[in-house]
Every structure is written in C-alpha cells, then in structure tokens.
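J.: If you want the building blocks of each chain, they are given just below.
There are 2 protein chains.
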Amino acid sequence: MDTDRRQFLQAAAAALAASPWLAQAAEPAAPAAEPHDMSAFPAHWHGQEQIAMLLYPGFTALDFVGPQYMLASLMGAKVQHVAATLDPVTSDTGLTFVPTLAMKDCPAELDLLFVPGGGQGTLDAMRDDALVAFLADRGRRAKWVTSVCTGSLLLGAAGLLKGYRATSHWIARDLLAEAGATPVDARVVRDRNRITGAGVSAGIDLGLTIVELLRDRLYAQSMQLLAEYAPEPPFNAGTPRTAPKEAVELMSGMFTGFVAGSRETLRRRHGGG
Amino acid sequence: MDTDRRQFLQAAAAALAASPWLAQAAEPAAPAAEPHDMSAFPAHWHGQEQIAMLLYPGFTALDFVGPQYMLASLMGAKVQHVAATLDPVTSDTGLTFVPTLAMKDCPAELDLLFVPGGGQGTLDAMRDDALVAFLADRGRRAKWVTSVCTGSLLLGAAGLLKGYRATSHWIARDLLAEAGATPVDARVVRDRNRITGAGVSAGIDLGLTIVELLRDRLYAQSMQLLAEYAPEPPFNAGTPRTAPKEAVELMSGMFTGFVAGSRETLRRRHGGG
Chain A
33 MDTDRRQFLQ
43 AAAAALAASP
53 WLAQAAEPAA
63 PAAEPHDMSA
73 FPAHWHGQEQ
83 IAMLLYPGFT
93 ALDFVGPQYM
103 LASLMGAKVQ
113 HVAATLDPVT
123 SDTGLTFVPT
133 LAMKDCPAEL
143 DLLFVPGGGQ
153 GTLDAMRDDA
163 LVAFLADRGR
173 RAKWVTSVCT
183 GSLLLGAAGL
193 LKGYRATSHW
203 IARDLLAEAG
213 ATPVDARVVR
223 DRNRITGAGV
233 SAGIDLGLTI
243 VELLRDRLYA
253 QSMQLLAEYA
263 PEPPFNAGTP
273 RTAPKEAVEL
283 MSGMFTGFVA
293 GSRETLRRRH
303 GGG
Chain B
33 MDTDRRQFLQ
43 AAAAALAASP
53 WLAQAAEPAA
63 PAAEPHDMSA
73 FPAHWHGQEQ
83 IAMLLYPGFT
93 ALDFVGPQYM
103 LASLMGAKVQ
113 HVAATLDPVT
123 SDTGLTFVPT
133 LAMKDCPAEL
143 DLLFVPGGGQ
153 GTLDAMRDDA
163 LVAFLADRGR
173 RAKWVTSVCT
183 GSLLLGAAGL
193 LKGYRATSHW
203 IARDLLAEAG
213 ATPVDARVVR
223 DRNRITGAGV
233 SAGIDLGLTI
243 VELLRDRLYA
253 QSMQLLAEYA
263 PEPPFNAGTP
273 RTAPKEAVEL
283 MSGMFTGFVA
293 GSRETLRRRH
303 GGG
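First to last, the protein sequences are chains A and B. For the first sequence, the numbering used here assigns the number 33 to the initial residue and increments by one for each residue that follows. For the second sequence, the numbering used here assigns the number 33 to the initial residue and increments by one for each residue that follows.
Hints are not guaranteed to be accurate.
To be verified - Computed cross-link-like contacts, DSS-like style, restricted to lysine-lysine with a CA-CA straight-line distance of at most 30 Å:
no., chain 1, residue 1, chain 2, residue 2
1, A, Lys110, B, Lys136
2, A, Lys277, B, Lys136
3, A, Lys175, A, Lys136
4, A, Lys277, A, Lys175
5, B, Lys136, B, Lys175
6, A, Lys194, A, Lys277
What the hints assert, rightly or not - Over the 10 Å line for every Cβ pair with chain A, so calculated as not near, a few chain B residues:
no., residue
7, His76
8, Gln80
9, Gln82
10, Arg159
11, Asp160
12, Gly195
13, Val216
14, Arg249
15, Ala259
If you are wondering where the hints come from, they were derived from the structure by calculation, not from laboratory data. Just so it is clear, CB atoms sit at the ideal spot from N, CA and C, and this is done for glycine as well.
Turn these sequences into a full structure, and let the hints guide you.
T.: Set out below in structure tokens:
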C-alpha cells in the first residue's frame with residue numbers, strides 16, 4: 033500500500049470509529065458522538081438512499097436481519113423499518129420488532145424496497161389487499177426492488193415480477209411462474225432492477241451484492257470482513273440436492289399447505305400468471 | 033426409505049405444519065391452531081429446555097437472530113429474549129426489539145444461556161455491574177453457556193471463560209486471554225459446556241451446532257435445509273487472512289477504541305487475566 037492510500041484508510045477508519053453504523057436509522061441506539069468527517073471518504077462512498085424494509089406479522093426475522101446488517105452500513109442512506117402501523121410486529125420465531133415508520137408515512141420515491149419472506153405470515157400478507165397495494169405502489173417507482181426467501185412471492189402478488197427472472201426459497205421457487213416470473217435456481221438473481229435471494233440465509237449474500245452495487249467492491253468486502261462471513265456449515269444439507277432425503281421430505285411436508293395457498297392466491301391475483 | 037420411515041416422516045411433517053416454529057416463545061406471532069401431535073416424533077426430538085437469549089443496547093442484531101432462528105426450532109424448548117427490563121432494546125444497526133422477559137424474572141436454572149456481541153454497546157455492557165452479575169449468576173449454573181462474536185468478551189467479563197478455550201470476532205479474539213481463556217481461531221469452539229462462535233455470521237454455524245447437540249443430526253440438517261444455508265459469499269473477504277489489506281486496515285482501525293476499552297475493562301475485572 034502506498035502512503036496516500038494508507039493515510040486515506042487511517043482517516044477513513046477514524047471517521048468510521050466515531051460512528052460505526054452510518055446509515056441513519058430512524059431510531060438509532062444512540063446519536064453518534066459527533067458527525068463523521070465525510071471528507072475522509074471517496075465521494076461515491078456516500079449516498080442519500082431512501083431505503084424501506086418491510087415488516088409484517090409472521091415474517092422470518094433472519095430473512096430481514098441479514099440484509100439489514102448490510103444496508104445499515106451504507107453511509108448516508110436512510111433505512112426505515114416499515115410496517116402497516118407503528119405497533120410492534122412479531123416474527124414467525126416469536127421475535128418482536130418495533131417499526132420506525134408506518135406505511136402511510138413511507139416516502140413515495142424509494143431508492144430500495146426490501147421484502148422478507150416467511151411461512152403462514154407471508155401467505156396472509158399476500159392476501160392483504162392494503163399491503164399488496166402498498167408494495168405495488170412503492171415497488172413500481174423504486175430504483176431497486178429486492179427480496180429474500182418467499183418475500184419474492186409477495187413481490188409477485190404485487191405484480192412486480194412479471195417478465196422478470198427471480199428466485200425464492202426452494203420450497204416456493206416454482207410458484208413464481210404463477211406471478212408471470214421465470215424461476216431461477218440461484219442464490220441471488222438480478223434481472224434489471226429486481227434482485228431476489230433464495231431462502232433465509234441468502235439474505236447475507238443478497239445484502240453484500242447490494243452493497244457492492246450501491247457503493248463498490250472494497251466497501252462490500254469490508255462489510256463481509258466485519259460480518260466475519262466465512263461460513264462453515266457443519267453439514268452439507270443446505271439445498272434439496274445435498275440434504276438427506278428424510279430432511280427434504282420433512283421440510284417439504286411442513287409447507288404443503290403454504291404452497292397450495294400461495295398458488296391459489298397468486299392465481300387469483302394474476303388470473304393464472 | 034422404507035415404509036415405516038416414510039410414514040413417520042409424513043406424520044411428523046403434518047404435525048410440524050400445524051405449528052412450524054415449535055419452541056414456545058413468550059409472545060408467539062399467533063397461537064398454534066392446535067397442539068401438535070407429539071406422538072409423531074421420536075421422544076428425543078422433544079425437549080423442555082429453558083433458554084435465555086440476552087438483549088442489551090447496542091448489541092448486533094445478526095449475532096442474535098442467526099442462533100434465534102435455530103433455537104426457536106427446538107420442539108418443547110422455551111426461548112426467552114431477556115433484557116434488563118421489558119423496555120424495547122435497540123441494536124447497533126438501529127433495529128428495535130421487544131424483550132419477552134426482564135432479568136429479574138429469568139429462571140435461575142437455565143439449560144442454555146446465549147449472549148450476542150456488538151461494538152460500543154458490548155463494551156458498555158462489560159462495564160455494567162448488574163448485567164455482568166446476572167451473567168455470572170445464570171452462567172455459573174446453566175447447562176450450556178454460549179455466545180457469538182464479542183459476546184464472548186461479556187462471558188469473559190463475567191468470569192465464565194476462565195480456563196476454557198473460546199473464540200470471538202477476529203478483532204477481539206486475543207482479548208479473551210485477559211479473561212483467563214485460551215483464544216482459538218475457529219468458527220465454533222466447544223470446550224466442555226462452553227460454546228463460542230466467531231464474528232456475527234458465525235451465529236448460524238453455532239446455532240446448527242447447538243441443534244445437533246440438543247436434538248440430533250437429522251434435526252439439525254432439516255434446519256439447515258429450511259434456512260437454505262448453502263452460502264455463496266460473493267467475495268472471499270470473510271477473514272483477515274483472505275480479505276484485501278485495505279479492508280482489514282479499515283475495519284481494524286474502526287475498532288481500536290473498542291479493543292483498548294475492552295482490554296482495560298477485562299483487566300480491571302480480572303486483575304490481569
């Protein structure tokens with residue numbers, strides 16, 4: 033590293049230390065001790081993105097929090113956790129979150145809309161006309177429309193994936209065809225301004241992909257390092273291709289009602305896809 | 033698969049479908065439609081664990097939610113999200129959680145205690161005598177004492193890692209020596225009943241490790257499949273060994289104050305480790 037580069041990094045690190053999480057969440061843990069010194073960073077490391085991440089009853093918390101870790105790192109961005117109202121929202125695993133913004137107060141023009149998945153809660157959300165109308169409205173105008181897991185079924189219910197390649201949780205991926213999308217078996221799928229992730233843990237990969245798009249590769253690599261994202265799954269069971277047959281049967285059987293209900297709901301909303 | 037095995041799986045999947053998240057969180061998203069049929073499962077798939085997961089201001093949400101996804105899957109277990117009081121707790125990325133239990137109401141005899149990490153918030157927690165005393169008390173008696181990321185510094189501050197091998201976020205790992213522990217560079221480290229994970233995303237690996245210990249391998253593999261945990265990091269920057277030097281310098285520089293403060297706090301609590 034040359035001296036200039038090293039001096040830049042030292043100044044940047046010092047500025048970051050004053051305020052390690054630089055996206056402005058509406059209700060930060062504590063205000064930064066002092067405004068960070070923006071001049072320490074390359075201009076393109078700053079943004080002014082308006083980001084809305086959707087919360088709804090029964091969503092999967094891990095779908096949401098992987099991307100949130102990454103998006104909250106975007107200097108200058110404003111990340112909102114948006115729900116129907118400001119009432120606390122409980123996830124499918126019983127974790128309760130306090131939203132920062134109600135849908136009615138969500139900016140009309142978003143830079144990025146993010147939707148997490150879930151099971152029965154996601155199916156209920158697909159059937160919720162107000163929620164689907166909100167997604168259709170904000171998604172139609174957002175610069176980036178993104179999801180993890182069965183969040184893509186919600187995007188599909190809102191008509192936002194018609195004509196796009198997209199992915200979802202392995203249990204639900206084929207259902208995307210009912211929303212006029214082309215299902216793709218991949219960890220993260222980008223088609224124009226739609227970026228969809230596979231099931232649950234794929235949110236970390238999706239988040240890093242977005243950070244690189246909105247900032248640059250070094251920024252995203254730094255976030256991967258901060259998350260110590262060098263995964264070592266203790267088994268090789270993360271996809272139906274590699275998992276024991278018993279596990280596939282057990283997990284598929286758990287969601288037959290969800291799959292049937294989602295298919296019916298998407299058909300009803302799209303007249304057959 | 034033989035017919036008996038298939039029948040078991042079909043019955044088990046049907047029972048699971050009635051209540052996909054089977055740990056009893058104190059405030060579930062919605063009560064299960066009907067009690068699941070316990071007779072569909074092998075006896076050792078049920079537990080009665082009392083699990084306490086700690087929330088404190090400025091913790092890292094992803095440290096918490098990876099393990100929470102896995103622990104919430106443990107049939108029969110009771111998972112509590114414990115904080116000083118029932119007031120909402122905001123993470124370092126501005127995500128606000130509602131606890132299910134205040135420390136004073138936490139069972140004295142826990143099967144599993146889990147502590148997430150963070151930055152400044154974790155340092156503040158290490159300096160919080162009431163929180164450290166709570167951890168020392170519950171940790172001394174718990175069957176399993178676990179952490180992710182700099183959560184192990186908090187365990188160390190409470191005297192729970194003295195004489196144990198343990199790990200932490202790469203930024204903080206060497207500090208464990210100040211608490212009388214032997215730092216180990218590994219994703220998940222188990223020494224007797226202490227199980228510690230590396231930084232942030234290691235919580236998923238830790239969670240699966242715990243599910244196998246408390247249930248069995250098929251159970252854990254099923255959860256890996258449900259989480260679609262077949263990671264594909266877009267870069268190879270997850271550890272200081274593989275990340276670009278610039279990223280390592282930037283992220284290390286961000287935490288010099290945290291490291292110095294943590295070292296001072298651990299020395300004060302342990303008289304030099």
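J.: Against which earlier hints does the structure fall short, listed by number upward?
T.: 1, 2, 4, 6, 14, 15
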